[in-house]
Amino acid sequence: MWLQKSKLIIVAGKGGVGKTTVSAVTTAAASRLGMRVLLVTIDGGQQALELLGAHFPDANTPSTLGYETITVAATVDARQITPDQALVEWLRDKKLGRLADRLVKTGALDVIATAAPGIRDILVLGRIKALVNEGHYDLIVLDGPASGHAVTFLHSARGLIDSVSVGAIHQQAAEVANMLSDSTMSQCLLVTLPEVTPVNELIETAFALEDRVGIALVGVIVNAVLDPLATGLTGLTGGSGESSLTGPTRALIEYRARREQSQQVELDRLAAELPLPRFVFPRVQLDDDNRSASMGRLVDVMVEQLTA
Amino acid sequence: MNDLIPDLIVNSRVIVTCGAGGVGKTTVAASIGIAAALKGRRCVVVTIDPAKRLADALGITELTNEPAPIELSPIDLGGPAAPTTGELWACMLDTKATFDAVVRREAKNAQQADDILANTFYRNISSSLSGTQEYMAMEKVHDLVTSGRFDLVVVDTPPTQHALDFVTAPRRLVRLLDNTVFKLLVAPGRGALRVVSGAAQTVLRPLTKVIGGEVVTDAIEFFRAFDGMEEGFRTRATETLEVLTASDTAWLLVSSPQPEPIRAAVGFAEQIANAGIAVRGLIINRAEPEFEPLPTARPLPTVKPVGAKQAALMKLVNDHRSAVASERETISEFFLSVENVPHVVLEQRADDVHDLEALKALGRQLLRVGAS
Numbered sequence: 504m505w506l507q508k509s510k511l512i513i514v515a516g517k518g519g520v521g522k523t524t525v526s527a528v529t530t531a532a533a534s535r536l537g538m539r540v541l542l543v544t545i546d547g548g549q550q551a552l553e554l555l556g557a558h559f560p561d562a563n564t565p566s567t568l569g570y571e572t573i574t575v576a577a578t579v580d581a582r583q584i585t586p587d588q589a590l591v592e593w594l595r596d597k598k599l600g601r602l603a604d605r606l607v608k609t610g611a612l613d614v615i616a617t618a619a620p621g622i623r624d625i626l627v628l629g630r631i632k633a634l635v636n637e638g639h640y641d642l643i644v645l646d647g648p649a650s651g652h653a654v655t656f657l658h659s660a661r662g663l664i665d666s667v668s669v670g671a672i673h674q675q676a677a678e679v680a681n682m683l684s685d686s687t688m689s690q691c692l693l694v695t696l697p698e699v700t701p702v703n704e705l706i707e708t709a710f711a712l713e714d715r716v717g718i719a720l721v722g723v724i725v726n727a728v729l730d731p732l733a734t735g736l737t738g739l740t741g742g743s744g745e746s747s748l749t750g751p752t753r754a755l756i757e758y759r760a761r762r763e764q765s766q767q768v769e770l771d772r773l774a775a776e777l778p779l780p781r782f783v784f785p786r787v788q789l790d791d792d793n794r795s796a797s798m799g800r801l802v803d804v805m806v807e808q809l810t811a
Numbered sequence: 030m031n032d033l034i035p036d037l038i039v040n041s042r043v044i045v046t047c048g049a050g051g052v053g054k055t056t057v058a059a060s061i062g063i064a065a066a067l068k069g070r071r072c073v074v075v076t077i078d079p080a081k082r083l084a085d086a087l088g089i090t091e092l093t094n095e096p097a098p099i100e101l102s103p104i105d106l107g108g109p110a111a112p113t114t115g116e117l118w119a120c121m122l123d124t125k126a127t128f129d130a131v132v133r134r135e136a137k138n139a140q141q142a143d144d145i146l147a148n149t150f151y152r153n154i155s156s157s158l159s160g161t162q163e164y165m166a167m168e169k170v171h172d173l174v175t176s177g178r179f180d181l182v183v184v185d186t187p188p189t190q191h192a193l194d195f196v197t198a199p200r201r202l203v204r205l206l207d208n209t210v211f212k213l214l215v216a217p218g219r220g221a222l223r224v225v226s227g228a229a230q231t232v233l234r235p236l237t238k239v240i241g242g243e244v245v246t247d248a249i250e251f252f253r254a255f256d257g258m259e260e261g262f263r264t265r266a267t268e269t270l271e272v273l274t275a276s277d278t279a280w281l282l283v284s285s286p287q288p289e290p291i292r293a294a295v296g297f298a299e300q301i302a303n304a305g306i307a308v309r310g311l312i313i314n315r316a317e318p319e320f321e322p323l324p325t326a327r328p329l330p331t332v333k334p335v336g337a338k339q340a341a342l343m344k345l346v347n348d349h350r351s352a353v354a355s356e357r358e359t360i361s362e363f364f365l366s367v368e369n370v371p372h373v374v375l376e377q378r379a380d381d382v383h384d385l386e387a388l389k390a391l392g393r394q395l396l397r398v399g400a401s
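Sequence order for the protein chains is E and Y. When you read off a place in the first sequence, starting at 1, and then add 503, the result is the number in my numbering. When you read off a place in the second sequence, starting at 1, and then add 29, the result is the number in my numbering.
Since the hints were made in silico from the structure, they are not lab data. As the structure is a prediction and not an experimental result, all values here were calculated from the model. Any given hint could turn out to be false.
Listed below are the simulated DSS-like cross-link pairs for lysine-lysine, each with C-alpha atoms no more than 27 Å apart in a straight line [said to hold, decoys possible]:
| id | chain 1 | residue 1 | chain 2 | residue 2 |
| --- | --- | --- | --- | --- |
| 1 | E | K597 | Y | K238 |
| 2 | E | K608 | E | K598 |
| 3 | Y | K137 | Y | K125 |
| 4 | E | K608 | Y | K238 |
Far from chain E, some chain Y residues (derived; all Cβ distances over 10 Å) [unchecked claim]:
| id | residue |
| --- | --- |
| 5 | P98 |
| 6 | L273 |
| 7 | A302 |
| 8 | A307 |
| 9 | L396 |
Heads up, the beta-carbon is just placed ideally off N, CA and C, and yes, glycines get one too.
Model the full structure from these sequences, guided by the hints.
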């Protein structure tokens, strides 16, 4: 099972496709399969915490996520690793604490990050690599940046190796590049919606990740797919016989059938253009009233597809 | 019925759309542009989205940094009986080209501009410094507004965590350019790295060890080349900010009716309010359409045979109802946090919006839908 093949799963996809949902579901599914898991977010994290909190209601989940690791459930931890914090922490590790403080105070942190683009990304990945090496978790799930940025983010190591030829940061970049190209260490899970633009962007991202970063792609989660409810009912809207429907009910069936059809077109296109395993997540509601039940359903779906 | 969009189109000089990624900002910005042209305005839409989607949808081969006219037929513009002067133009922000133009304008002479444009650190600023894209988007808007060629500029913003990036980006860049440590390095009379002041050395030596000497040297050369241009940049940043905060600049939030984008919209509204700017409206994009009245219980006498098909139909009806209810609940969360913001709802269409006809339909819908 791919979930157990590597120590790190990086979740990537265009903004708004449900990366955080997939990250939280993957975390919960790994926990159900008996693994000890850490979920890492780069920015925000509130949503991830809410989703996990809804799924593990008995656990005493804290309400905010920060740089410190927090316990969400017996075998599930979560934390943030923000780029600026990673840079400051790294400088401290290098016994440059006073420099770090001074850079923050004078705003020169930006100067460094601009002088060596990708340094923040490298340090976030470097921090994650350290966590992987500590071996405290069976799996670390990284809720990655939006896909345009995912390639830049994961490519940062190779970019820096070229532009910074010596020094501690070069060393760090080389180690990160090794981790990303070793499929026993890290793999990437892609997320998309069954719609034209997200599918186009996903296909581009997938090829760029494979060619430029060399990271192993485990598959694509197609998120928020409508259950094919209307497809079997379209017969009811034709003709004028006794069993044909009219008015709003008929309009609903026709609308829904067209949505289901256009999703199928995108699923087929994805299958034809990207030779990767696909996992389908049903569309669910994640508002306060439905969050817990929806998380439960998605985790069931994922575990079922993993163990099939 | 409230006329949010028709009013904004007629009374604004700039409309800025912001919202989380994936909510359809680009589509909404383009359809506002079309609606404005239908209302007789000379409108330009500035997109930041590098994907060719907008160009494709607008039916042109590519968008560049320079506005290109979009062909709308006379019928769209009111027909022969009601001709209008409406125009639609579109351009895509080229951050580096825009930044290069700013440098050329502010430089004392061509030599200074050339030195800066050739510098590695400068190229990194224009490609990697966070906030630069936002700042250059606003530079572009400032240019388009003051050119007098357009009545209305519609800005499709990059997906960002912080709406305030637009307001803080100019300051952030000025702060970078004003950086004291690096200022010391370019003080008059100081030549190369080895003769910089002691104070700067205490920072530079460890820094060189960590990120490498060549990188530090590039940065120093940049600050030296840039010397003397800070004032011009600061003045320009202030002017740009004035456009953003002007009373005829309307900030519109765009969100889909899902919890996370709505939460982001609330965050944007608060940040924008903190900067002293009022949010003028919220556009809920891609809401599930409502079909009422739908049957509430079995049996449905018209559906025969009773049984599997009826059960499937009720499942569909209930699934749709719960989706609509969940979306309503989610939208109401916004108004618990943000008061006095009118909103309009654009319904999900059966087919994805990806051509000019669909954008026109959306534009007409924006002129028609009632706000509440």
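Okay, the hints, checked on the actual structure:
Restraint check for K597/E and K238/Y: satisfied, since their Cα atoms lie roughly 10 Å apart, inside the 27 Å limit. Taken as a hint, the K608/E and K598/E pair is honoured in the structure, with Cα atoms around 18 Å apart against an allowance of 27 Å. The suggested pairing of K137/Y with K125/Y holds, with an alpha-carbon distance near 20 Å, which does not exceed 27 Å. Under the criterion of a C-alpha separation no larger than 27 Å, the hint pairing K608/E with K238/Y is consistent with the structure, at around 21 Å.
For P98/Y, the non-interface assignment is confirmed: its Cβ lies about 25 Å from the closest Cβ of chain E, beyond the 10 Å cut-off. Against the 10 Å criterion, L273/Y stays outside the reach of chain E, whose nearest CB is about 21 Å from its own CB. Against the 10 Å criterion, A302/Y stays outside the reach of chain E, whose nearest CB is about 20 Å from its own CB. With 10 Å as the threshold on Cβ separation, the claim that A307/Y sits away from chain E holds: the shortest Cβ distance comes to roughly 25 Å.
With a least beta-carbon separation of about 23 Å from chain E, L396/Y lies farther than 10 Å from that chain, consistent with its non-interface assignment.
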